[in-house]
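2 protein chains.
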Amino acid sequence: MNTSKRVVLFGRAAPRLYINEVAVRDGFQSEAGFVPTEDKIRLVNRLSRTGLAKIEVTSFVSPKAIPNLRDAEQVMRGIDRQPGVRYVALVPNERGSERALACGADEINLVMSIGESHNLANMRMTCEQSLAQFRRVMQVVRGSGMRVNGTVATAFGCPFDGDQPVCRLLWAVEQYLEMGMDSITLADTTGMAHPRQVSEVSRAFLDTFRGVEMTLHFHDTRGMGLANVIAGVAEGVAHFDASLGGIGGCPYAPGATGNICTEDLVHMLLSCGFETGVDLDALIDVAREMPAIVGHPVPGHVLQAGKRTELHARPVAA
Amino acid sequence: MNTSKRVVLFGRAAPRLYINEVAVRDGFQSEAGFVPTEDKIRLVNRLSRTGLAKIEVTSFVSPKAIPNLRDAEQVMRGIDRQPGVRYVALVPNERGSERALACGADEINLVMSIGESHNLANMRMTCEQSLAQFRRVMQVVRGSGMRVNGTVATAFGCPFDGDQPVCRLLWAVEQYLEMGMDSITLADTTGMAHPRQVSEVSRAFLDTFRGVEMTLHFHDTRGMGLANVIAGVAEGVAHFDASLGGIGGCPYAPGATGNICTEDLVHMLLSCGFETGVDLDALIDVAREMPAIVGHPVPGHVLQAGKRTELHARPVAA
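Read top to bottom, the protein sequences are chains A and B.
Okay, so the first sequence: first residue is 0 according to numbering that gives the first Met the number 0, each after it adds one.
Okay, so the second sequence: first residue is 0 according to numbering that gives the first Met the number 0, each after it adds one.
Looking at chain A on its own, in the form it has when it is part of the complex (with noise of 0.2 angstroms):
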């Protein structure tokens, strides 16, 4: 199909898209069962050759919080790292960001819910205190040349305390900067995005922060998650965080279902004629894994109905 010169709504994409994996942090803590180690580092080796920018890789959180991490230092150094490929954890704390540079993780990541309520569930902490921790952990990185990246949690609205004006939002941004974070994540932790507002925050984020790396992170909950993707792109945002087979889901969001579905999202944007730098069908090979890997069926479509240019044999007349 010709690309009309008309066509307005990819008017501001970004000449590249990048995206990041979070399947085996974001996916795999909210798992039942516990995922072996091994398959943890063979699925971070195969997915680094699939030309994904980053790989979320564990979190260094108490084991006693995620037990399903617990191996989160044997995952970050069992692993083969691909030059170009950036290797994150997640930390809650200076502890964890010391066991993250112990490590050698490329990047560390923050996370605050700017729902005060959603923060005191899942962080145990007002958004101050998150603050004050993140003051201190900067402390231990600095000089280090480990990156960080800051996530705005419910940046989308928080399923305690709903909508989030996007002046807060703006505010935790500029906190984050301030101390010195290298890229933000705008999360929708629990599914509450809708195209208008990703567009309009996008729009005040991009406006306010010109030139800072920021990656939007959807959850599929009630079906806007791709949706979501193409008001982020329509507006220039280039990075996007999505889960292998869209697996995942936070442990402590009522109704809070998995995160949008890499193979999906990659599927949709070269469809569209992006480009990603990832090997769709290298992708999809390994996604194959991911339910025997946890052990059910994983909600991704293009594993169940193959991409769109997989054509099919021509009934024989009858």
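Treat the hints as calculated values from the structure; they're not laboratory data.
Glycine residues also receive a C-beta, built at the ideal position from the N, C-alpha and C atoms.
Every clue listed holds true.
Listed next, the stretches of chain A that the computed footprint assigns to chain B, with coverage defined by at least 3 CB atoms under 8 angstroms from CB atoms of chain B: (1) 159-166; (2) 185-194; (3) 223-233; (4) 264-276; (5) 291-304.
The hints should help you fit chain B onto chain A, whose structure is shown.
What follows is chain B alone, placed relative to chain A:
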């Protein structure tokens, strides 16, 4: 959230959107079990009071071809008609149009796939044969006051022949309009449409056939269903088909899965601030019946997760 004046994503959006329900025809026709006639009638009657624009009630096909719709006359005659709602029947031929006329359908829907292979598989006719049959149907209904909608199936790609040129789609629409059809549906029969394509096709249609009522009909086969709606809305398309609970799928199309889900669609459009005339709570209430009616879970998201505005009680502080 304030609506910024500079938001362009929905810059061309129509002031009012219209939602058409297809579950009773497109959904039930592919169910393994027969849905009792009284369930169909009760469902249509309940749907009639939710603010939907159109309801596709049944199909006047041979009972041998689609046994699940063998009660077409009983359903069309048994429902209570609400003023302002259009009650539609799909018809394949002159005989079907005579049956629709006899039951006083407000509108008939004629379907041809522009993918020749799919039309042969689905209709057992070439496109030329389909068009010739449509002309005979137009003779039958002329002067009756019954509206005729023409559906271009596989408009966004044929599962056997692949992508169809936009000019072929526009050619089919031109044929439909020249023989006197009142409105057009572009159907993504097997879920191959992607947002950029929807944007381009919608723009081409709206530029070429100004003032013609055009409906987009999407399936969520590859997870892009609601993203495609956003692309259509952004271009100014005002009419969308959807299926309660997300049930459905063409029995003659390999890998085809359900239609986009009506309550998920209305939830997204309402969240985005669009006027659809549909009472979302009433619609969700009807959708709750679907799993029991079809005897299996349905894929709709909002039915499971609740509306984004349904907040949860704050957890008690630890």
